[in-house]
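A.B. asks: This is what each chain is made of:
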Amino acid sequence: MPNFKTRILANQEIAPGYWRMRIQAPGAVADCKPGQFLMFRVQLSLLPLLRRPFGIFRTGFQPSDVDGLPPVEYLEILYKIVGQGTAMMSELHQGDRVEILGPLGRGFSAGATGREKILVGGGIGLVPLFMLAQDLVEKNRVRLLMGGRTRDDIIAITEFERLGVETYTATEDGSLGEQGLVTDVLEAKLKEIGEADVFACGPMPMLQAVQKICARYEAPLQVSLEALMACGVGACLGCVVKGAGHSEQTPRYLCTCKEGPVFRAEQLDWDLMDATESSCEGCK
Amino acid sequence: MNSTGSKNGISLAVEVAGIRMKNPIMPASGTFGYGEEYAPYIDLDNLGAIVTKGLSLAPKAGNPTPRITETVSGMLNAIGLQNVGVDAFIEHKMPFLRELNTPVIANFFGNTLEEYGEVASRLDAIPELAGVELNISCPNVKKGGIVFGTDPKAAFEAVSTVRKRLSKPLIVKLTPNVTDITDIARAAEDAGADALSCINTITGMAIDVRRRRPRIANLTGGLSGPAIRPVAVRMVYQVVNAVSIPVIGVGGISTAEDALEFLIAGASAVQVGTANFVDPDAMQKVIDGLERFCLEEGVDDIRSLIGSLEVA
Chain A
863 MPNFKTRILA NQEIAPGYWR MRIQAPGAVA DCKPGQFLMF RVQLSLLPLL
913 RRPFGIFRTG FQPSDVDGLP PVEYLEILYK IVGQGTAMMS ELHQGDRVEI
963 LGPLGRGFSA GATGREKILV GGGIGLVPLF MLAQDLVEKN RVRLLMGGRT
1013 RDDIIAITEF ERLGVETYTA TEDGSLGEQG LVTDVLEAKL KEIGEADVFA
1063 CGPMPMLQAV QKICARYEAP LQVSLEALMA CGVGACLGCV VKGAGHSEQT
1113 PRYLCTCKEG PVFRAEQLDW DLMDATESSC EGCK
Chain B
20 MNSTGSKNGI SLAVEVAGIR MKNPIMPASG TFGYGEEYAP YIDLDNLGAI
70 VTKGLSLAPK AGNPTPRITE TVSGMLNAIG LQNVGVDAFI EHKMPFLREL
120 NTPVIANFFG NTLEEYGEVA SRLDAIPELA GVELNISCPN VKKGGIVFGT
170 DPKAAFEAVS TVRKRLSKPL IVKLTPNVTD ITDIARAAED AGADALSCIN
220 TITGMAIDVR RRRPRIANLT GGLSGPAIRP VAVRMVYQVV NAVSIPVIGV
270 GGISTAEDAL EFLIAGASAV QVGTANFVDP DAMQKVIDGL ERFCLEEGVD
320 DIRSLIGSLE VA
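First to last, the sequence lines map onto chains A and B. Going by my numbering, the first residue of the first sequence is number 863, and it counts up by one from there. Going by my numbering, the first residue of the second sequence is number 20, and it counts up by one from there.
To be clear, the hints were calculated from the coordinates, so they are not data collected in a lab. As the structure is a computational prediction, the values presented were derived from the model and not from experiment. For glycine and all other residues, C-beta sits at the position ideal for the given N, C-alpha and C. Any given hint could turn out to be false.
Stated by the list, open to error - Chain B residues, not near chain A, derived (Cβ > 12 Å throughout):
no., residue
1, 50
2, 55
3, 57
4, 81
5, 84
6, 88
7, 89
8, 98
9, 120
10, 160
11, 208
12, 262
13, 308
14, 320
15, 322
Stated by the list, open to error - Just the calculated beta-carbon pair ranges, DEER-fashion:
no., chain 1, residue 1, chain 2, residue 2, range
16, A, 1067, B, 78, 29 to 37 Å
17, B, 327, A, 909, 43 to 51 Å
18, B, 64, A, 955, 49 to 57 Å
19, A, 1014, B, 58, 38 to 46 Å
20, A, 1001, B, 77, 25 to 33 Å
21, A, 1110, B, 110, 33 to 41 Å
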């Protein structure tokens, strides 16, 4: 399923400002790996011009609405309205035609079996963690630490719980779960269990804090980054991040779309990461 | 489609600077990587030619991020010409490209006359390259940063330096960021260019008003996409009327109709740029659309459309 025209099966607001879109996608269940993303064309016109990158939340089959026809294969994205493109997406309805390029990029790798797994999600950053959780729960104990500014930013938690994932939430205003930062919860959990693989996606300041904590506890960390990108296939070079060892003299840029969006923490230069950089609409 | 580009009795084939193409459609440098990036999405052998990402003597890391931002019907970029360098291109990218049944044109740039000359020599030694496209929209670091392509004398020097080191067809890509593009076009022609491509991106700027910050780290960037097409069509028309070498039209083409505007204005071929990012199959759609247009209009050879503009 590299580049295909398809139709929307459902598009609903699930929390204030957060939407879930289900898209018909033949082959999605076999093709999409945890942590991969797609490029979504909002309209087949020039406004907005560029596609938007979104992490793939989940894939599956739903019964056909015509009796006797086989189930319909789908993929889902969750998105937050942050700009023109996502606002236009929220106006789309069931049956509307859309164009998808994907799945794209390198996803998560599962890490050592049996070792505890901690997933850390910040707001819409939760998206690429769901399919990872689906894979991990079969053989591992999995915890999800979910953070947001308010309770409105805590989305899709019950779906993780249904998989058998232990969930912990933290909000900055205390409106849901513990009051404080999700990274404080991470530190407490690592202190408690000692050894774990950590997987994180969320705003850059959160990822930077996660990286520091994981380094302190020597916990292997994979992060899924978001970036502005035009093509999604490694051609425009708009989505690069600074890799480990980057300097003016020895520049080491990595393409978020092609070499990521999931990176091992040690691949990246965390000191040079710009915390204010991320201002894109998608989750990637 | 056979090698002459003839199908349904319609010929889309063109020849530019001695390079024979099945059709007049090729990617604009920097929007198509080194070809292989798009191989999963489009049959590269169906293209008129492939134009590579701009190459320099040494690998180039490019600019800090953010490097791109979207604007109304366009995008601004300041990638900073990130590329693998000419030697790595020969070693790692040519093996893929030389297997294609499509002419390959290597785009390149430099920041000194010496660099331009040296890269030209190395590219000239690659037998499978059909030609080169010279980007003169770069500052001359030895001359206070004056952009080669904005001064007729500097443009002449850059083009003639390359011409002396190159036996292959030489296409010179012009910047639109000048008062009169025909002055530069004539200088390039006089210095030995076999063809011109116009236009490169238009310098622009965009501001994030909430953060009071430029939207791209480099402050300014190159505007591309449908927004610039009327400017590009105008400049192609002017250049076509100022020189006697062929002109390749570039700037905001995403459909066959867009491409036809340039051909009718006098371009011998066209390049598709930003549209490749939006739709990796965009060039195939343009090619198919050109053929449909010819069928509908009873045109059996697309060359008869070139320069067919009627001005009352």
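A.B. asks: Evaluate each hint against the coordinates.
C.D. replies: Right, here's what the structure says about each hint:
no. : hint                       : verdict
1   : 50                         : 7 Å, violated
2   : 55                         : 9 Å, violated
3   : 57                         : 7 Å, violated
4   : 81                         : 6 Å, violated
5   : 84                         : 6 Å, violated
6   : 88                         : 7 Å, violated
7   : 89                         : 5 Å, violated
8   : 98                         : 5 Å, violated
9   : 120                        : 21 Å, holds
10  : 160                        : 16 Å, holds
11  : 208                        : 31 Å, holds
12  : 262                        : 31 Å, holds
13  : 308                        : 15 Å, holds
14  : 320                        : 31 Å, holds
15  : 322                        : 29 Å, holds
16  : A:1067 / B:78: 29 to 37 Å  : 32 Å, holds
17  : B:327 / A:909: 43 to 51 Å  : 31 Å, violated
18  : B:64 / A:955: 49 to 57 Å   : 40 Å, violated
19  : A:1014 / B:58: 38 to 46 Å  : 43 Å, holds
20  : A:1001 / B:77: 25 to 33 Å  : 48 Å, violated
21  : A:1110 / B:110: 33 to 41 Å : 25 Å, violated
Going through the hint list in order, the structure does not satisfy hints 1, 2, 3, 4, 5, 6, 7, 8, 17, 18, 20 and 21.
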